[in-house]
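Protein chains in written order, with the numbering used here: chain A, 54 to 385; chain B, 54 to 385; chain C, 2 to 330; chain D, 2 to 330.
Keep in mind the hints are simulated off the structure, nothing from the lab. Treat the hints with caution; some may be incorrect.
As the list claims (entries may be wrong) - With a straight-line cut-off of 30 Å between C-alpha atoms, the simulated DSBU-like cross-links for lysine-lysine are:
#, chain 1, residue 1, chain 2, residue 2
1, C, 240, B, 107
2, A, 107, D, 240
3, C, 240, C, 298
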Amino acid sequence: MSIAASGQAEQSILEAIRGALFDEMARDERVMVLGMDVGQLGGVFRVTRGLMEKFGPERVVDTPLAEGAIVGASLGLAIGGMVPVAEVQFLGFTHQAFHQIGPQLARYRFRSRGRFHAQVTIRAPFGGGVRTPEFHPDAIEAQFSQEPGIKIVCPAFPDDAKGLLLEAIRDPDPVLYLEPQRLYRSVRGQVPPGDHTVPFGTSRTVREGKDVLLVAWSAAVHLCLAAAEELSKGGIEASVLDLRTLVPLDVAGLIAAVEKTSKVVVVHEAPLTGGFGAEIVATIQEEAFGSLDAPIRRVASRDTPYPPGSMEDHFLPTVRRIVAAARTTVEF
Amino acid sequence: MSIAASGQAEQSILEAIRGALFDEMARDERVMVLGMDVGQLGGVFRVTRGLMEKFGPERVVDTPLAEGAIVGASLGLAIGGMVPVAEVQFLGFTHQAFHQIGPQLARYRFRSRGRFHAQVTIRAPFGGGVRTPEFHPDAIEAQFSQEPGIKIVCPAFPDDAKGLLLEAIRDPDPVLYLEPQRLYRSVRGQVPPGDHTVPFGTSRTVREGKDVLLVAWSAAVHLCLAAAEELSKGGIEASVLDLRTLVPLDVAGLIAAVEKTSKVVVVHEAPLTGGFGAEIVATIQEEAFGSLDAPIRRVASRDTPYPPGSMEDHFLPTVRRIVAAARTTVEF
Amino acid sequence: MSSAQVVDALRLMLLSRAVDDRLIKLQRMGRVGVYGPVHGQEAAVIGSAMALDPNRDWIVPASREHPAMLRHGLPLKNMFATYMGNFDAAAVPEGVRLLPRQQAIGAQLPHATGLAWALKLRRTGGVVAVYFGEGASSEGDFHEASNLAGVMRVPLVMLLINNHYAISTPLHKQTAAVNLAARAEGYGFPGFVVDGNDLMAVYSTTVDAVNRALAGEGPTLIECRTYRMGFHNTSDNPKEYRDSAEVDEAEQRDPIERVRRFATREGIWSAGQEAAALDEIRSEIETAQRQVEALPKPGAAAIFEHVYETLPPRLQQQRSEAMDDARPR
Amino acid sequence: MSSAQVVDALRLMLLSRAVDDRLIKLQRMGRVGVYGPVHGQEAAVIGSAMALDPNRDWIVPASREHPAMLRHGLPLKNMFATYMGNFDAAAVPEGVRLLPRQQAIGAQLPHATGLAWALKLRRTGGVVAVYFGEGASSEGDFHEASNLAGVMRVPLVMLLINNHYAISTPLHKQTAAVNLAARAEGYGFPGFVVDGNDLMAVYSTTVDAVNRALAGEGPTLIECRTYRMGFHNTSDNPKEYRDSAEVDEAEQRDPIERVRRFATREGIWSAGQEAAALDEIRSEIETAQRQVEALPKPGAAAIFEHVYETLPPRLQQQRSEAMDDARPR
Ligand SMILES: Cc1ncc(C[n+]2csc(CCOP(=O)(O)OP(=O)(O)O)c2C)c(N)n1
Ligand SMILES: Cc1ncc(C[n+]2csc(CCOP(=O)(O)OP(=O)(O)O)c2C)c(N)n1
Ligand SMILES: [Mg+2]
Ligand SMILES: [Mg+2]
């Protein structure tokens with residue numbers, strides 16, 4: 054896949070995230086990392102490995118097992134002048150902190166009429182395909198899109214992982230930064246050195262194609278790229294649009310891409326019903342009704358609880374399903 | 054409005070809910086009511102007034118101030134053979150119990166492979182228009198639609214309030230039963246006596262009209278009815294479809310209604326982005342693309358935190374906004 | 002407490018009671034949404050607040066601690082604006098070390114732990130005092146915030162205002178614990194029960210806790226045992242769930258009367274002084290109310306302010322729609 | 002504990018250790034996903050389980066209590082199915098008073114409170130024993146479930162398995178409390194600290210708690226102090242966060258060795274018996290593993306079973322799509 058292919062100085066997504074944390078903690082001494090097992094161990098994925106040795110136990114903190122306190126205390130730390138980067142061990146466990154994220158972190162600027170704001174980044178790995186136990190793969194990003202005040206960021210490539218994380222930490226508003234655990238080490242690519250940031254609300258076309266547009270974010274982008282290769286063999290050229298951030302959403306970029314192909318498939322790892330794909334579809338048909346000449350199909354996980362790892366392939370979107378949906382759409 | 058007009062034996066939504074609770078507790082001694090202030094006081098809206106006197110403090114229980122425990126204990130109570138009807142004082146505070154609702158209550162049948170199931174009803178008032186403090190009006194129903202295993206029920210009329218509540222309590226699976234606080238006493242109507250239940254997944258056409266379809270649930274249904282009257286003065290006849298349950302969703306009924314008008318507006322009290330309206334739009338354009346001759350518009354709350362009551366009219370969908378959207382759609 | 006402090010405290014108590022009366026009156030007139038009075042809890046709230054230094058310490062309130070907020074620097078006008086629906090004018094002014102009131106019960110507790118943690122990390126000195134009710138002590142937030150505060154040994158003073166009710170729920174339905182201060186041991190820091198209607202006792206216990214925190218000895222939990230003499234808020238009617246005998250008995254322990262008697266005995270307070278104080282208070286309240294009434298009502302655009310530092314495109318569009326809708330037709 | 006019980010317990014301990022070894026081996030071979038061993042905690046888990054009556058009492062487990070689950074009636078085959086990815090065969094059989102393992106830390110605690118509450122309301126007799134770690138004791142769920150259990154005085158035995166680690170997080174970073182049993186006072190019921198590596202001590206403390214619960218005296222919190230001798234789970238390497246000296250020291254207190262020595266001294270156990278027991282255990286494990294291996298792998302349709310009692314139309318459609326996708330092309 055082009056980006057993974059490109060030359061020297063390659064990094065994995067995990068290395069890009071770790072590098073960005075090192076750089077930003079060195080650049081801004083207000084930045085601190087807190088969460089379960091993030092210090093001594095360096096996190097269950099070792100994303101934060103080395104940070105405690107480098108920046109000390111005051112700025113890299115192993116917390117008790119309490120997600121609500123991690124998020125709630127991060128808000129207080131931010132009000133007190135720190136810049137917390139909190140890790141929730143898996144996105145599924147943000148449910149334990151839900152009352153502190155949407156109603157508190159996201160609304161504090163509004164509630165205080167700007168007197169206070171929450172410069173807090175919540176990092177959380179998520180997504181399936183790696184046979185993790187229950188809760189660990191849950192893709193619940195859509196739930197946060199109903200909490201105005203927080204931004205939702207979901208990189209799929211190492212360069213974006215760095216650029217979006219630096220942007221997130223520096224953003225004066227709270228950001229939920231979603232890490233695709235299945236890609237942590239498998240996707241490698243060049244990462245711009247130095248102070249590389251990616252502005253929120255800018256989508257990225259990762260493949261050009263005239264026949265159909267595949268819209269996705271996070272790990273699903275790579276499923277779409279694989280599907281596009283497959284489709285290409287059958288003479289169908291697909292564009293792949295990586296949204297990169299869901300809130301704010303790059304509506305202009307999305308519509309521009311839609312108008313080029315007039316056929317669209319949206320792909321995500323969350324269950325179909327109520328997934329953020331529905332928002333993408335609703336937005337497209339509202340803004341580009343005229344240029345659509347086939348119904349927009351969604352390829353998503355099934356509307357069931359996440360099954361055990363051994364069963365997840367029946368649950369998750371697959372390349373085969375994306376290819377089939379794209380063909381139906383093109384042939385409509 | 055027709056239903057409120059129809060003759061004797063009228064009840065408010067609040068009375069219909071209370072009546073259903075009395076009937077079901079009398080019919081099935083496993084049924085119990087628990088929550089904050091539901092006993093002695095009869096709930097902050099007095100919905101459960103009289104239940105404790107009638108059924109005693111073992112079956113009508115004032116709990117400590119802990120939403121997570123109310124929901125989590127209800128699951129345990131159900132496993133132990135009781136049929137809990139838990140009240141969460143306001144839907145906004147289900148966030149404190151979020152980790153017990155989606156990941157636990159909704160998934161317990163699946164996790165235990167059918168050995169256990171959660172016959173639990175969670176009642177919660179929600180919605181704006183009555184100048185309540187922060188959190189109390191939050192309309193977060195869409196977040197639960199990403200939690201397979203739980204059903205989402207939202208009556209807008211007294212007869213449905215009764216019929217859907219009896220159905221919910223008897224449903225072997227967990228049900229989130231949403232009560233439109235602004236309609237509690239203002240909407241009255243005839244309520245079928247005796248054992249009246251309404252099956253889930255059946256929408257209801259509450260107004261017939263050939264020009265445009267207004268789709269809504271809960272309090273927004275009444276905004277749509279008012280807008281329809283307004284539109285009618287201008288010669289536009291609107292149908293109003295009350296979905297009544299979001300999960301399961303009456304896709305067949307929805308599509309049938311769409312095909313009659315070919316023009317659709319979806320209205321809800323939750324913020325626009327990621328609201329359940331997006332799912333409705335995505336479903337319609339997937340299933341009835343051919344019969345749409347205008348983009349489906351959504352009229353929703355703004356993508357901001359819920360403002361103080363004195364400001365909520367700028368935030369919520371209004372009759373004027375629905376009328377404008379319907380006109381644009383019809384004139385498309 | 003010095004004589005001067007006692008007089009200041011008594012004056013604040015009278016102000017608190019007068020503010021209660023005024024806002025209840027305004028609510029009955031439909032000019033205030035919902036209001037929850039401090040009535041009965043003045044000694045607990047004011048005694049603890051008097052132990053804090055507004056130029057050094059922070060207050061993280063729940064929603065029934067107005068006199069503490071006023072004493073700490075919140076202008077009376079801003080407090081009235083809170084209840085009279087002018088949210089921009091309600092904001093805590095720059096420089097005042099106070100967080101906004103919290104309406105999600107218990108949610109402020111982890112914020113307080115985090116803020117105290119920041120003070121420790123930044124070595125700025127000062128402590129954080131967080132207020133919460135005995136009802137809030139049943140929420141997971143209380144537990145998680147307390148345990149984290151203990152582990153991080155942060156300069157936190159936890160003021161549990163046990164007024165024996167959470168709306169209609171009496172203490173014995175809230176917990177089986179004999180006292181809530183006992184929970185502190187489970188978090189590795191000391192807890193104390195104090196008569197919350199005894200101004201001096203609350204004050205001196207809080208002073209000790211502040212000193213422990215300043216000395217780097219970590220958090221303290223103080224359970225102030227008091228009684229909610231009024232209704233939960235203006236939509237509540239306590240007669241539905243508690244008998245008046247209980248309230249009458251509490252009237253005998255009115256915290257204001259207690260301080261008044263003491264100050265009079267000490268010769269530092271007189272009927273004349275009280276009359277003068279009440280006059281001043283009345284005019285302060287008049288002024289605050291009038292100032293708020295004179296303010297323009299915020300328009301539609303206001304709900305789009307302070308959502309984010311910079312408004313994303315989709316919200317810019319929604320704002321222009323909303324301003325358009327708001328234009329009188 | 003009678004001699005017979007000691008022998009049963011020792012046999013269960015040996016089984017537990019053998020199951021650990023086998024599942025770790027299978028995980029290394031890629032036939033098991035993730036496995037978290039009981040290694041080191043056998044006395045705490047088994048000593049408490051032996052105090053329960055499978056025909057009367059319920060167990061609500063976390064996820065590191067297999068021997069308790071097996072003793073309570075979960076077939077070894079079902080346990081292997083859990084880890085070998087056959088979720089239908091893993092189900093708790095009808096009639097076994099046991100809830101499924103819980104992977105959301107602490108989430109089982111309110112379920113246990115509710116279940117115990119139901120036993121009380123329905124006057125069925127019996128108690129609920131809930132297992133959780135010291136890490137779980139930091140979650141809000143622990144607090145809310147404990148406080149509610151105290152208020153409702155439910156027949157609940159709370160077994161806090163303090164193995165000193167939550168993944169890499171040591172006890173002193175988890176809480177500043179000297180002991181976690183002290184938290185019980187804050188909920189209005191008794192708490193005890195017991196040497197979790199002392200089978201008899203755990204057993205008798207649990208027996209007392211069960212008797213209190215049966216007598217209607219409500220919950221008890223028992224903190225079993227033990228040590229996680231192995232890794233957190235098969236993806237963990239403790240060398241990254243604790244030094245081997247600590248582990249060597251713990252080896253000296255291996256709970257199995259302790260019981261073995263006692264039983265041998267008492268003349269109720271011998272090398273010969275142990276050899277025989279290990280043979281039996283090996284073949285039981287062989288059988289369980291082979292039975293699971295012989296099972297057909299559940300197909301695509303299985304993920305649509307047990308979502309709801311009856312599958313809604315949208316899910317029926319998804320199921321047929323999924324079964325279609327699963328058909329080999
Ligand atoms: C999380 C949450 N649950 C429920 C409510 C509704 N509610 C508002 S005040 C209150 C009682 C609070 O009792 P307590 O903490 O003792 O404070 P007090 O009102 O006595 O000052 C409740 C249940 C809420 N605001 N937040
Ligand atoms: C709510 C939640 N947060 C985080 C995790 C990740 N996690 C799995 S096990 C574990 C440690 C649990 O420690 P403890 O409760 O002491 O049990 P032990 O593993 O020691 O038996 C963590 C943090 C989880 N499964 N659930
Ligand atoms: Mg109270
Ligand atoms: Mg542990």
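Each hint, compared with the structure:
1. At roughly 20 Å between alpha-carbon atoms, residue 240/C and residue 107/B fall within 30 Å of each other, so this suggested pair holds.
2. The hinted pair formed by residue 107/A and residue 240/D meets the criterion: a straight-line CA distance of about 20 Å does not exceed 30 Å.
3. Taking the CA atoms of residue 240/C and residue 298/C, the gap is about 36 Å. The hint is violated against a cut of 30 Å.
The structure fails hint 3 only (numbered hints given earlier).
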